Structures are given as C-alpha cells and as structure tokens.
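Colleague: Single-letter residue listing:
Protein chains: 4
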Amino acid sequence: MDINRKLRMGMIGGSEGAFIGDIHRKAAIMDSQIELICGAFSSSPQRSEETGRILHLPKKRVYDSYQEMIIGEKNLPKDERMDFVTIVTPNNQHFPQAKFALENGFHVVCDKPMTANLGEAMELGSLVKETGLIFMLTHNYTGYPMVKQAGEMARGGALGELRKVVVEYPQGWLATLMERTGHKQAAWRSDPEITGNVLTMGDVGTHAENLIEYITGLEVSEVNAELSTLVKGRKMDDDDNILLRFSNGARGAFIASQVSTGEENNLKIKVYGEKGGLEWAQMEPNSLTVRWTDKPLQILRAGNNAPGLSEIAKRNCRLPAGHPEGFIEAFANIYLEFARAVTNHIEGKNSETGSYDFPDVADGIRGMAFIKTVLESTKSSKKWIPFVSPELEN
Amino acid sequence: MDINRKLRMGMIGGSEGAFIGDIHRKAAIMDSQIELICGAFSSSPQRSEETGRILHLPKKRVYDSYQEMIIGEKNLPKDERMDFVTIVTPNNQHFPQAKFALENGFHVVCDKPMTANLGEAMELGSLVKETGLIFMLTHNYTGYPMVKQAGEMARGGALGELRKVVVEYPQGWLATLMERTGHKQAAWRSDPEITGNVLTMGDVGTHAENLIEYITGLEVSEVNAELSTLVKGRKMDDDDNILLRFSNGARGAFIASQVSTGEENNLKIKVYGEKGGLEWAQMEPNSLTVRWTDKPLQILRAGNNAPGLSEIAKRNCRLPAGHPEGFIEAFANIYLEFARAVTNHIEGKNSETGSYDFPDVADGIRGMAFIKTVLESTKSSKKWIPFVSPELEN
Amino acid sequence: MDINRKLRMGMIGGSEGAFIGDIHRKAAIMDSQIELICGAFSSSPQRSEETGRILHLPKKRVYDSYQEMIIGEKNLPKDERMDFVTIVTPNNQHFPQAKFALENGFHVVCDKPMTANLGEAMELGSLVKETGLIFMLTHNYTGYPMVKQAGEMARGGALGELRKVVVEYPQGWLATLMERTGHKQAAWRSDPEITGNVLTMGDVGTHAENLIEYITGLEVSEVNAELSTLVKGRKMDDDDNILLRFSNGARGAFIASQVSTGEENNLKIKVYGEKGGLEWAQMEPNSLTVRWTDKPLQILRAGNNAPGLSEIAKRNCRLPAGHPEGFIEAFANIYLEFARAVTNHIEGKNSETGSYDFPDVADGIRGMAFIKTVLESTKSSKKWIPFVSPELEN
Amino acid sequence: MDINRKLRMGMIGGSEGAFIGDIHRKAAIMDSQIELICGAFSSSPQRSEETGRILHLPKKRVYDSYQEMIIGEKNLPKDERMDFVTIVTPNNQHFPQAKFALENGFHVVCDKPMTANLGEAMELGSLVKETGLIFMLTHNYTGYPMVKQAGEMARGGALGELRKVVVEYPQGWLATLMERTGHKQAAWRSDPEITGNVLTMGDVGTHAENLIEYITGLEVSEVNAELSTLVKGRKMDDDDNILLRFSNGARGAFIASQVSTGEENNLKIKVYGEKGGLEWAQMEPNSLTVRWTDKPLQILRAGNNAPGLSEIAKRNCRLPAGHPEGFIEAFANIYLEFARAVTNHIEGKNSETGSYDFPDVADGIRGMAFIKTVLESTKSSKKWIPFVSPELEN
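Protein chains in written order, with the working numbering: chain A, 1 to 394; chain B, 1 to 394; chain C, 1 to 394; chain D, 1 to 394.
Don't take each hint at face value.
Since the list gives no way to pick one copy over another, a pair counts as held whenever it fits inside one copy or between any two copies.
DSSO-like mimics (lysine-lysine), calculated; alpha carbons at most 27 Å apart, straight line [as the list claims (entries may be wrong)]:
1) Lys-74 / Lys-99
2) Lys-129 / Lys-314
3) Lys-275 / Lys-295
4) Lys-295 / Lys-232
5) Lys-6 / Lys-60
6) Lys-78 / Lys-60
7) Lys-379 / Lys-235
8) Lys-314 / Lys-382
9) Lys-314 / Lys-295
10) Lys-379 / Lys-314
11) Lys-314 / Lys-268
12) Lys-295 / Lys-268
13) Lys-59 / Lys-232
14) Lys-59 / Lys-372
15) Lys-295 / Lys-184
Quick caveat, the hints were computed from the structure, so don't treat them as lab data.
The model shown is predicted, which means the values in this text are computed figures rather than measured ones.
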C-alpha cells in the first residue's frame with residue numbers, strides 16, 4: 001500500500017512570534033511531503049486562533065487546547081485526521097503533551113530538551129516502545145549534511161581510533177539579565193518551574209551532547225562538570241564547562257554558554273583520531289574541515305554534486321555545491337526522515353536500513369541522564385562522576 | 001477585502017530532477033503563504049504525471065501541456081483556480097508561456113533570463129503593462145537579507161558617492177564539454193536554439209548585472225566587453241570579461257565564467273564609495289563586510305535581531321543571527337514579496353510603499369538589453385559601446 | 001649617557017638545524033638594535049664551530065661550552081664583550097646556564113619553560129632580584145600587536161567585568177610516537193629527564209597560561225585538571241584539559257594538546273566580559289575579532305596606521321595594515337622591549353613607564369607553579385585545587 | 001673560494017620614517033647573510049646622519065649623497081667596501097643611481113617600478129648585461145612561499161592548460177586627496193615629475209603584472225585598458241581596469257586601485273586551468289586554495305614541514321606550518337636568493353640551477369613596457385593593443 005499523500009501535521013504551541021514553532025512549520029512543509037492541517041498554538045484561545053488565521057488554516061482545525069485537538073482529531077475520519085503532532089511548548093509541557101498524543105495514537109515530534117527530568121524521559125521511552133509509534137526529538141543540528149559526513153568519517157573509521165573531542169556552544173544573548181526585561185523567550189527559559197533544573201544545559205548543552213554522540217559514536221563514561229551562573233540574579237546555569245572521559249579512553253572538553261557576549265549561535269565541534277581530525281562549525285555549515293597527518297588540509301563542501309562526500313551527505317543536500325543551505329534545511333532533513341518513518345508505519349513497512357536517521361526517544365533519555373549527571377557532578381567535590389544512561393527494559 | 005487564504009500556484013516545467021523548478025516550489029511554499037495546486041511539469045505527459053504524483057497533487061490538476069493548464073485553470077471556478085503561474089522551462093519557452101499566461105489573466109513568475117532576445121522582452125513588458133498583472137523575474141540573489149542591507153547602504157549614501165564596482169561570478173561546472181556527456185542541464189544551456197545567443201552571459205551574467213543595479217542604483221552607460229569561448233567545441237560564450245562605465249563616472253569590472261575550474265557558485269560583489277566600501281559573497285551570504293576610511297572593519301551579520309541592520313534587511317530574515325539562512329530562503333523572500341503584490345492586486349490595494357521589492361519585467365528588459373550590448377561590443381573593434389536600455393512606452 | 005651601539009648578544013644552544021635558536025637570532029637582529037657576536041651553540045664543539053661559520057662569526061667568539069663563553073666574554077674588554085646571553089637549550093639546562101650567566105653579570109633571555117621545576121624557578125627569581133639584571137622569558141606570543149590590543153581592551157575594562165576565558169592550543173605533530181623515530185625535537189621533549197615532569201604542558205601549555213594572564217590580568221585561583229597521555233608508549237602528558245576558576249569569579253576552559261591530529265599551531269583565545277567579547281587566533285594573528293552586545297562585529301586589524309588600535313598595538317607594528325607580520329616579528333617585539341630595558345640598565349636609566357612589556361622571571365615562576373598545580377590536580381580525586389603562585393621574598 | 005662572510009650592503013634612500021627602506025633593511029639582515037654597512041639615506045645630509053645614528057652605523061660610512069657613497073666605497077680596500085647597493089628612492093631617481101652604481105662595479109637591488117620610463121629601463125638592461133653584475137628588482141610578492149608553490153603548480157602543468165587569470169590589487173589609502181595633506185608618501189607618488197606618467201599602475205599595478213607572469217608563465221599578448229582618475233584633483237591614475245589576452249588564448253582580468261576605500265593591501269590572484277584552479281591572497285599569505293574538478297578543495301599551507309608542498313616552497317619557509325611568516329620574510333626570501341647570486345659572482349661560480357629565483361632587470365623592462373602599453377591603450381579608441389616587450393640585444 002502506497003498512501004500517496006502528504007502527511008498531516010498538527011502543532012501544539014508555536015503561536016505567531018514564537019521562534020521555534022515557526023521553524024518547525026517551514027521545515028516540515030518545504031519539501032512537499034507534509035502539510036500543517038491543525039493546531040493548538042497557544043494556551044490563549046485567541047492567540048491560537050490568530051495564528052491559525054495567519055497560517056490560513058480552517059477555523060475548525062484550530063483548537064483551544066492540546067487536549068481538545070488530540071481528541072478532536074482522533075474523532076475525525078481516518079482520511080482527514082492528523083498523522084502526527086509537533087510539540088513546541090516550554091520544556092515542562094513536553095511530557096504530558098507527548099504522553100497524551102501517544103496514548104491517543106499519534107506519532108510525535110518533540111522539541112528538546114525532551115522532558116523536565118529523567119523520570120519523565122524514561123516513562124516516555126516506555127510509552128513509545130509500547131505503542132510502537134514514531135517519536136522524533138528535534139536535535140536538528142544532526143540534520144546538516146556536513147554533520148552527517150562528519151559522522152560517516154568519524155564513526156566509520158576514516159580518522160582512525162578517536163582520541164579527543166572538543167565541543168563548544170557559545171551564545172551571548174543572556175549576557176544581561178534578559179529574563180527581567182520582558183523578553184518572553186528568556187523569561188520562560190530562565191524559570192526553573194518551567195525548564196526543570198537547568199537553563200543553558202537544557203537549551204544548548206543537550207544539542208552539544210547529542211552532536212558528540214551522533215558524530216563520534218563514542219560513549220561518555222565519566223563527567224567532571226561545573227555548571228555556573230555568571231550573571232547575578234539568574235536562577236540557573238548560564239555557563240557550563242565540562243571535562244569528559246569516553247569509554248574507549250578518549251578525552252573531551254565541553255563548553256556551553258549563553259553569556260559569551262556577542263556570540264550568536266556558535267556551535268563547533270572538533271574530533272581527532274589517530275589519522276586525522278575534523279572540524280565543523282554551525283555558523284558556516286556547508287564546509288567540513290578535514291586535517292590529516294600527511295596530506296594537505298581539505299575542505300569538504302556540501303552539495304548534492306560535491307566531490308568526496310558520502311551518499312548520505314549528498315542525499316541530505318537539495319542543491320549543488322555553492323548554493324548555501326542553512327538551519328531550516330537541516331531541520332527539514334530530519335523531518336523528511338521522520339516522514340519516511342511515519343509513512344512506512346502507516347504502510348506497514350519497516351525501514352529498509354533497519355533504522356532511521358533522526359534523533360529519537362533514546363537520545364532524549366540520554367540527554368536527560370546527561371543533565372542529571374552534570375548537575376550531580378557540579379554539586380560534588382569528587383572529580384569524576386560515572387555517566388550511565390538507563391536502558392529501557394524489554 | 002481580505003482574501004485570507006494561501007495563494008494558488010501553478011507551475012510550467014520543473015519535472016522531478018530539474019534543478020530550479022524544485023527550488024521554486026520549496027521557496028514558494030515554505031512560508032505558508034502559497035500552495036502549489038497544479039502543474040504542467042514536462043512536455044512529456046508521463047513525466048508530468050509522475051512529478052505530480054511525487055508532489056501529491058490531485059491527478060486532474062496535473063496537465064499535459066502549459067496551454068491545457070492555463071485554459072483548464074481559467075475554466076475552473078474562481079475560488080479554485082490558480083492565482084499565478086511559475087515558469088521554469090528552458091529560456092526560449094519563457095516568452096510564449098508567459099505571454100499566454102498573461103493573456104489569460106494569470107500573474108507570472110518567470111525564471112531568468114527572461115526571454116531569448118530583447119524584442120520578446122519588450123513585447124512582454126508591454127503586455128505586463130497593458131494587463132496590469134504582476135510579473136516577477138527570479139533574480140533570486142536580490143532576496144538575500146545582506147544584499148538588501150548592501151543596497152540600503154550603497155544606494156542610501158552611507159558609502160558616499162560611489163566610484164567603483166567589481167562583480168565576479170565564477171563557476172567551474174562547464175570546464176569540460178559537459179554538454180556532450182548527456183548532462184541535461186548543460187545540454188540545453190549550451191544549445192543556441194534554446195538559450196538565444198549566449199550561454200554564461202544568460203545563465204549567470206544577468207544575475208551579476210542585476211545585482212549591480214539592485215545594490216548600487218547606478219546606471220551602466222558604456223560597456224567594453226569580451227565574451228569568450230574557452231572550451232573547444234562549445235558553441236557560445238563560457239567566459240565573459242567586461243569593463244563598465246557608469247553614468248555618474250564610476251568604473252566597473254565584471255567577470256562571469258563557467259570555466260573557472262573548481263569554483264562552485266562564487267558570486268561576489270564589491271562596491272566602493274568615497275567614505276567606505278562593502279563586500280558580499282553569495283557562498284557566505286549571512287555576512288556583509290564593510291570597510292571604512294577611518295573606523296575598524298565591520299562584519300554586519302544577518303539575523304532578525306542583528307545589530308546595525310536596516311529594517312528591510314531584518315524583515316528578510318526568519319531567524320536570529322547565527323542561524324544560517326541560505327539560497328532557498330533568499331528565493332522565498334522574493335516570493336513573499338510577490339505574494340504580497342498578488343494579494344494586494346486581488347484585494348484591490350496598492351503597495352503601501354508605492355513599489356514592491358522584487359525583480360520585475362523592467363529588470364528583464366534591462367538584462368536582455370545588456371546581453372545585446374555586450375554581444376555587440378564583443379564583435380566590435382571599438383572600445384566602448386553605449387548601453388541604453390529601451391523604455392516601455394506609455 | 002647614550003651608548004649608541006647595537007647590543008651584543010651571545011647564544012647558548014641553537015646549533016644549525018635547531019628550531020627555536022634560529023628564530024631567536026632572526027628576531028633579535030632584524031630591527032638593527034642587537035647583533036649576535038658570540039655563541040656556544042652545541043655541546044659538540046664541532047657543531048658549535050660549524051654553526052658559527054654559517055653565521056659568519058669570528059672563530060674566537062665561538063665557544064666549546066657555555067661556561068667557556070661566559071668566562072671568556074667576561075674577560076674581554078667592556079666595549080667588546082657581550083651584553084646578554086640567550087639560552088635556547090633543552091629545559092633542564094636553562095637553570096644552571098641562566099644562573100651562571102647572571103652570577104657573572106650578564107643579562108639573560110631564556111626560552112620557556114623557564115626551568116625544570118618550581119624550586120629552580122624560585123631560585124632564579126631570587127638571583128634576578130639580587131643582581132638587578134634584566135631577565136626575559138620568551139613567551140613570544142605576547143609580542144603580537146593584536147595580543148597587546150586584546151590586553152588593552154580586556155585589562156582596560158572595554159569589555160566590562162570579565163566572566164569567561166577559553167584558551168585552546170592544539171598541535172598535532174605528536175599524534176604518533178615521533179620520539180621513537182629519531183626526530184630530535186620530539187625525542188628530548190618527550191624525555192622526563194630533560195623536560196621535567198611534563199611534555200605538552202611545558203611545551204605549549206605554559207604559553208597558553210601566560211597568554212591568559214597577559215591579556216586578561218585575571219588571577220587563576222583554582223584548577224581542575226586532567227593531564228592525559230593518549231599515545232601509547234609516551235612517558236608524559238600529550239593532551240591537557242583543565243577547568244579554571246579566577247579570583248573574580250570568572251570561569252575558564254583550558255585545552256592544550258599535541259595529539260590533535262593535523263593541527264598546526266592553533267593557539268586561540270576568547271575572552272568574554274559583560275559588555276563584549278574578543279577572539280584572537282595565532283595562525284591569523286593580524287586580526288582581532290571583537291563582538292559587542294549591541295553593535296556590529298568588528299575586526300580590528302594590525303598595522304601601524306590601522307584605525308581603532310591602541311598606541312601600544314600600533315607601536316608593535318612595523319608595517320601598514322594589510323602587510324602581514326608574523327611569528328618572527330612578534331618575537332622581535334619582545335626582543336626590542338628587552339633591548340630597551342638592557343640599554344636603560346647600561347645607561348643607568350629606569351623605564352619611563354615604570355615597567356617593561358616583556359615576560360620576565362615572575363612569569364616563569366607562575367608558569368612553573370601552574371605546572372606543579374595541574375600535575376597535583378591530575379593526581380588528585382578532589383575536584384578543585386587552589387592555585388597559589390609563590391611570591392619572591394624581599 | 002668560499003668568502004665566508006656576510007655580504008656588505010649600502011643603501012640609497014630609506015631615511016628614518018620611510019616605509020620601504022626600513023623593510024629592505026630588516027629583510028636583508030634577518031637571515032645573517034647580509035649586513036648593512038653604509039648609507040646615503042637622504043638628500044638632506046642631516047637626515048642621513050640621523051638615520052645612520054639610529055642604525056648604529058659608523059659615522060664615516062654615512063654619506064651625504066649617493067655619488068659620495070659610491071665613490072667613497074669604491075676607494076675603500078676590497079675587504080671593507082660594500083658589495084651591493086640597495087636603492088629605495090622615489091621612482092625617477094632609480095635610473096641615475098642604479099646606473100652610477102653599476103658603472104662603478106656594484107651589484108644593485110632596486111625598488112620598483114624600476115625606472116621612470118621604458119627607455120631608461122632598456123638602457124639599464126644593457127648596462128646590467130655589459131657589466132655582468134647582479135641586479136634585483138624588488139617585486140617582493142614573488143618571495144612568498146605559497147606564490148612559489150602556485151608557480152610550481154601553474155607553470156608546471158598541474159592545473160592543465162591555463163585558461164583564465166584574475167588579478168586584483170585594491171588599496172584604499174588614496175581614496176581622499178592625501179597628496180594635498182602633507183602625507184609624504186602620497187605626495188611624491190602623486191607627482192608626475194617624480195613617478196613618470198602613472199600613479200597606481202606603477203605603485204601596485206606592476207606588482208600585479210609581475211605576479212601574473214611569475215605564477216603562470218603566460219605571456220600577455222594584447223591589452224584593453226582603462227586607467228582612470230577617480231579622485232578629483234589628482235594628476236594621474238588611481239583606478240586601473242584592464243582586460244588581457246595571453247598568447248596561448250587564455251583570458252585575463254586585471255584590477256588595480258588605490259581608491260578602493262577601506263581596502264588595505266588586498267592583492268589576490270586566481271588562476272584557472274583545464275584541471276584545476278588556485279587562489280592566493282597576500283593578506284593571508286600562508287594558505288593557497290586549490291580547487292579541482294573532481295576532488296575536494298585543498299588548502300595548501302606554508303611551512304617547512306607542510307604536506308603537499310614543492311621543495312622550492314618549503315625551502316622558502318623558515319618555520320613549521322602554523323607559525324605565520326609575512327611580508328618581511330617574503331622580502332627576505334628574495335634577498336637570500338640575491339645574496340646567493342652575489343656570493344657566487346664573487347666566488348666566480350654560476351648558479352647550479354642555471355638561473356636565480358628573484359625578479360631582475362628583464363622583469364623591470366617588461367613592467368615598464370606594460371605601463372607604456374596600458375597608457376597607450378587608455379588613450380586609444382581601439383579595443384585591443386598588442387603588448388610587445390622589447391628584448392635586449394645580444
């Protein structure tokens with residue numbers, strides 16, 4: 001069976017003016033495989049309605065609450081109702097919303113960090129397993145073609161045994177006490193009631209952690225962390241510095257900050273192996289620098305026709321080299337892969353490769369376990385704390 | 001009246017595998033203001049159908065020919081039929097297709113170069129004027145936020161009186177005789193029957209010419225051109241070098257090439273005025289370098305929150321600084337402005353600013369006149385040939 | 001009294017083929033304020049003689065041992081004998097040679113790390129103090145004009161209160177077990193008998209530590225260090241990762257490595273304050289990136305005529321902007337300042353600014369104390385170890 | 001015979017505060033093969049004396065005029081007198097001074113442009129030939145290691161048959177009428193009595209022309225030039241735009257300007273052949289970008305140990321990769337090669353390679369012929385003017 005239609009997407013959160021909801025929408029629809037057909041965009045019915053209007057949704061498909069939407073859509077005929085729901089609300093709402101969606105039979109896309117704590121993450125993991133539904137966590141940086149190329153090379157052995165990883169994720173937008181100025185994004189992110197126990201670690205740190213694992217395939221075995229609050233009056237961490245040990249003996253340095261004044265969104269990763277090293281920077285995402293012991297430095301370039309790229313990297317490019325793709329396209333790449341998984345699910349097929357290339361609930365569990373461990377390490381006078389991410393029981 | 005719906009787009013050309021048609025689709029729909037509802041994607045009905053299937057269009061809205069589509073859509077009820085048609089066929093088809101669309105009352109988006117010659121361009125200009133319909137020519141590079149910023153600065157006087165412009169557009173993909181290898185894109189572009197009299201000048205040169213005018217507002221008054229064919233066996237120009245004089249006395253150098261081996265799509269422009277100079281490069285589009293006589297060098301950065309940007313540049317960013325936007329988003333920017341124009345047309349409103357910020361039929365006429373003049377100059381032993389772009393009569 | 005002559009330099013170590021000795025010579029003489037007049041270039045008299053010949057020194061001024069040279073020169077008439085000696089031997093020889101030179105009345109330039117351990121460093125400090133002679137330690141990276149500019153800005157308050165420092169110093173040349181391949185530089189550096197207890201920490205780590213202090217003026221108060229050996233068979237550290245706390249509450253991350261495969265000499269520092277941040281990279285040393293909260297990014301550029309630079313930065317440039325100066329010129333800058341100090345000493349004058357702008361014995365003591373502390377931290381299971389650098393007694 | 005001593009250099013011009021004279025001195029002496037032993041630094045005896053004092057020269061070797069110096073040195077015993085003279089005076093003085101030096105038996109280093117016109121250049125060429133003395137013209141940019149690498153690749157066929165050359169040399173320091181503000185460098189350069197008929201073409205254009213020939217080995221066969229004066233009140237060209245044809249059919253674009261506001265010293269060259277292209281930029285001189293049709297982009301890096309470099313490129317590096325060398329070192333490279341030639345001459349040997357790798361009087365003749373031709377082209381209404389550089393008769 002071939003469904004031959006666009007997948008139908010619903011959205012929780014993401015009212016007009018929200019940052020990440022808008023990105024999800026653009027990314028989801030740009031490749032003509034998904035259409036947005038309904039939403040509960042805000043806890044304010046009026047804001048939700050206004051957003052629906054701007055997006056040209058039919059009024060009846062704009063809901064006052066996520067519960068209403070999920071129940072409402074479930075009650076529609078199968079060939080009308082949404083296939084999956086995208087959750088782009090503040091952190092503490094992810095869990096109940098995702099749970100409710102899964103329990104009612106909908107596939108889920110959830111923004112990161114996945115939940116407010118590890119317990120919720122584990123519960124969500126069990127539920128995904130039980131229901132067999134598709135769940136994607138939007139660690140969108142793994143969608144960049146040159147991140148995929150980096151992964152092919154680092155995991156695939158081209159660099160030899162890996163020895164060292166340096167990841168940096170500096171931003172500067174919280175260099176002042178933004179959360180007291182009426183800045184909405186800053187306000188909720190800085191409120192422990194909403195985000196859990198961490199600010200920067202959840203907002204950007206989990207991306208960095210996920211990126212390390214995606215590219216290197218290494219397992220963090222111990223952490224030595226200091227989560228600091230450098231802006232007076234702030235309630236949670238805004239500058240995180242962590243040393244890492246990996247299970248193969250490799251070493252890592254992990255720096256995440258939102259008080260690195262003037263920095264935009266400067267995620268960078270460097271990975272060094274016995275034979276070579278690579279470097280990728282999110283702000284110039286279409287290049288991947290590769291250094292070798294005995295050959296000239298190479299710059300691999302994104303492009304569906306670019307020389308030297310792996311098939312997976314090429315397949316994640318829409319354009320020939322020299323036509324820059326960016327943040328939204330990387331985001332769209334993971335949506336495309338999610339759409340493939342959902343379509344296969346509907347059609348009763350499995351992935352031909354045995355797995356899908358998008359971040360999922362297991363990544364979310366590891367992320368929440370990482371947060372828990374670095375918080376524990378921060379409070380400890382012991383240098384090294386083992387990092388163990390719980391496994392879902394069978 | 002507020003139409004409150006997405007605009008309905010039809011497409012001529014752009015079957016699966018085509019480069020530019022796919023970009024148009026992604027760019028058009030990503031911001032939720034436009035939906036693709038029909039297409040005549042290929043001269044082969046089978047290919048057209050297959051493309052429609054991949055795009056999940058209803059079968060009856062996939063047509064066998066552009067004529068069928070235009071007539072077919074015209075005959076549909078007003079609240080169903082397409083609002084505009086996007087033409088992404090080889091150059092020599094632009095004119096008859098655009099003409100037919102306009103004559104039947106449809107707004108038009110047309111890929112560049114606009115027509116095969118200046119005569120057709122003039123005729124199209126008259127038709128646009130007569131019909132009062134909206135016509136956009138996709139000189140998409142003007143959609144980049146930092147190009148808009150450059151224009152604000154250069155045209156707005158921030159650099160002082162302008163003195164010098166250097167534009168370069170090197171590509172390398174035609175460094176071998178690709179057109180004889182079965183490469184479809186290369187084949188039609190290299191066939192004078194299809195493209196008119198120029199290869200590189202039409203394919204990338206017109207973008208460069210348009211970019212100069214958009215950013216500087218200067219008028220080319222004389223050209224001294226050499227269009228060369230550097231790959232043996234090729235039928236048209238593949239390397240163009242031109243000196244320019246502008247009407248205010250400024251000087252220009254213009255370099256376009258498709259045999260600059262190894263170059264991707266390296267469009268760059270530098271503009272120097274009495275007080276400062278600026279530099280923009282398409283392959284790193286989110287930065288604009290600004291040099292001053294007496295102040296440190298600045299890098300203005302794209303971003304809807306970026307310091308130092310004009311309102312128009314910010315408005316053309318979807319994301320905060322550090323979240324790279326690329327080729328497709330720039331393309332989407334001109335589609336958004338086109339959508340605004342079409343919506344206003346339908347609603348009977350005028351642009352509140354008196355004009356729209358997208359390239360139109362007048363740009364197309366200037367482009368075709370420029371091609372004609374540089375060809376003339378190439379053949380001439382006279383050093384300088386005046387450049388006069390014909391005006392549409394009232 | 002104005003001596004009006006070039007200062008006379010002698011050299012210990014630096015036979016033909018040695019890396020750093022040759023740099024010292026070029027740097028010292030290029031500005032016409034110093035001439036090399038004698039040397040004991042090698043423990044092999046033959047090699048020493050050969051080096052003297054290549055340098056066109058008179059035979060009688062080429063000595064078989066440093067003791068011979070120091071005594072020999074001391075016995076020459078005052079208007080012939082050397083003014084100062086430069087020591088460019090392996091680490092463990094620095095102390096006895098510098099001591100002997102000082103005891104015999106010669107000013108000293110000593111390569112880093114200053115000594116093999118903190119005890120020697122303290123003893124040398126006392127001796128410098130007692131003799132009143134001039135002592136320079138060649139932390140040459142502080143000689144770059146843009147490092148001086150960075151220091152003016154960071155120490156001078158332009159960035160506001162400092163909060164975060166990230167220093168990275170990756171090299172890749174020890175990614176294999178070079179010391180077993182007959183590579184002379186690798187061999188002695190990797191021998192604990194010669195270098196003391198550290199490899200990478202002494203070779204590049206001390207530069208990084210010194211650079212932090214020079215630019216920021218902050219004091220490290222606590223360290224949390226892991227010095228690792230990642231290449232099997234190596235006897236000392238080759239990869240160092242350290243978290244820092246500064247006495248004002250700022251945080252730091254410190255990464256030094258010689259197994260970062262493919263990296264050349266990629267020293268970088270980033271400093272963030274309340275109002276702005278700056279970034280400098282040794283491999284592109286003529287630029288200093290400055291980021292602000294509310295203004296566009298600036299690139300300050302080296303040049304004796306460059307806009308926006310402090311006087312001290314300009315004074316350390318020989319050339320106008322756009323004429324790159326490099327490693328040797330930075331090295332020459334500290335030699336020029338040393339020459340000024342020695343000349344003043346000979347002429348019986350003090351520095352008009354009260355101090356000289358070159359790294360001295362106090363920097364060396366701090367460096368050795370830092371090494372001691374990070375070694376201690378590496379062995380400790382305690383997270384944080386206080387860093388206290390001993391003061392010289394009066 | 002092995003002279004085993006430093007070569008003795010005299011200097012004409014280059015009084016304290018002059019730009020280029022100081023560079024010559026630093027470059028000449030830094031490698032311990034040359035010493036400055038005399039000078040006639042200024043037409044003002046007082047300034048000359050003051051410069052001699054700063055350089056710590058003996059009073060009797062500081063002369064009041066170049067004639068006095070040349071005669072005075074000639075009359076000294078052979079083992080005391082200078083070996084060669086470096087001429088760093090304004091353009092119109094080069095010819096009489098070089099002539100006088102050659103006629104009196106001294107080798108010559110002369111700054112560019114070589115003479116005030118082609119006639120003088122030819123006469124100097126004959127004199128060099130007649131006397132058999134060594135003559136170097138300081139087109140110093142050819143001394144950069146990565147320029148040598150570029151030459152090895154482009155001339156050596158690695159890029160295939162060459163098709164296209166783009167050279168740009170923008171500076172911005174004459175964007176205002178500097179010559180009226182008391183700026184000494186600007187004043188003499190802008191005075192036709194002193195420089196001949198060109199400003200920018202002589203000051204930077206000849207470097208660009210020489211660089212094309214050095215790297216590509218191509219011969220310019222025709223020029224189509226416009227030398228313009230863009231700043232009102234200026235007497236000569238300040239912005240030059242030229243199209244080139246080469247004898248093998250390749251095309252070129254040549255842009256030189258001193259009114260490119262804000263530009264420092266931004267010499268760049270791009271060369272494209274059938275198989276690959278390369279790009280070098282003087283402001284980041286230690287990298288050479290190489291692009292291929294079918295392989296990833298490479299960045300070759302300077303360094304005496306850098307992978308992928310030719311022997312000649314490595315030999316022109318003093319330092320390992322990652323230790324930046326700059327303008328002065330490139331200058332020193334051509335001085336080292338000149339010193340080798342002079343030493344061989346004194347010792348009665350020939351170059352073992354049959355020729356020396358420094359720019360000589362033949363380059364100077366071609367440069368003056370190029371200036372003459374582009375001036376002629378500028379005045380002509382004909383598009384193309386043949387470029388023929390006269391050959392010296394045997």
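Colleague: Each of the hints needs a verdict: does it hold here or not?
Modeller: Hints versus structure:
1. Taking the shortest alpha-carbon separations for Lys-74 and Lys-99, only the intra-copy value of 15 Å comes in at or below 27 Å, while the best inter-copy value is 48 Å.
2. Taking the closest pair of Cα atoms, Lys-129 and Lys-314 never come within 27 Å of each other, the shortest separation being 32 Å inside a single copy and 44 Å across copies.
3. Both within a single protomer and between protomers do Lys-275 and Lys-295 lie at most 27 Å apart by alpha-carbon distance, with minima of 10 Å and 20 Å respectively.
4. In the homo-oligomer, the alpha carbons of Lys-295 and Lys-232 lie at most 27 Å apart only across protomers (23 Å), although the nearest pairing inside one protomer, at 49 Å, exceeds that limit.
5. Taking the shortest alpha-carbon separations for Lys-6 and Lys-60, both the intra-copy value of 20 Å and the inter-copy value of 17 Å come in at or below 27 Å.
6. For the identical chains of this complex, Lys-78 and Lys-60 are neighbours both inside a copy (17 Å) and across copies (23 Å), given an alpha-carbon limit of 27 Å.
7. Taking the shortest alpha-carbon separations for Lys-379 and Lys-235, only the intra-copy value of 15 Å comes in at or below 27 Å, while the best inter-copy value is 34 Å.
8. Taking identical chains as interchangeable, the C-alpha atoms of Lys-314 and Lys-382 are never at most 27 Å apart, the minima being 45 Å within one chain and 48 Å between chains.
9. Taking the shortest alpha-carbon separations for Lys-314 and Lys-295, both the intra-copy value of 24 Å and the inter-copy value of 15 Å come in at or below 27 Å.
10. Taking CA atoms no more than 27 Å apart as the test, Lys-379 paired with Lys-314 passes in neither setting, with 44 Å inside one copy and 43 Å between copies.
11. In the homo-oligomer, the alpha carbons of Lys-314 and Lys-268 lie at most 27 Å apart both inside one protomer (21 Å) and across protomers (25 Å), since each shortest distance falls under that limit.
12. Proximity of Lys-295 and Lys-268 under a CA criterion of 27 Å is satisfied in both settings, with 23 Å inside one chain copy and 23 Å between copies.
13. Proximity of Lys-59 and Lys-232 under a CA criterion of 27 Å is satisfied in neither setting, with 46 Å inside one chain copy and 62 Å between copies.
14. For a Cα distance limit of 27 Å, the shortest separation of Lys-59 from Lys-372 qualifies neither inside one copy, at 42 Å, nor across copies, at 53 Å.
15. For the identical chains of this complex, Lys-295 and Lys-184 are inter-copy neighbours only, at 22 Å across copies versus 50 Å inside a copy, given an alpha-carbon limit of 27 Å.
Consistency note: the structure conflicts with the earlier hints numbered 2, 8, 10, 13, 14.
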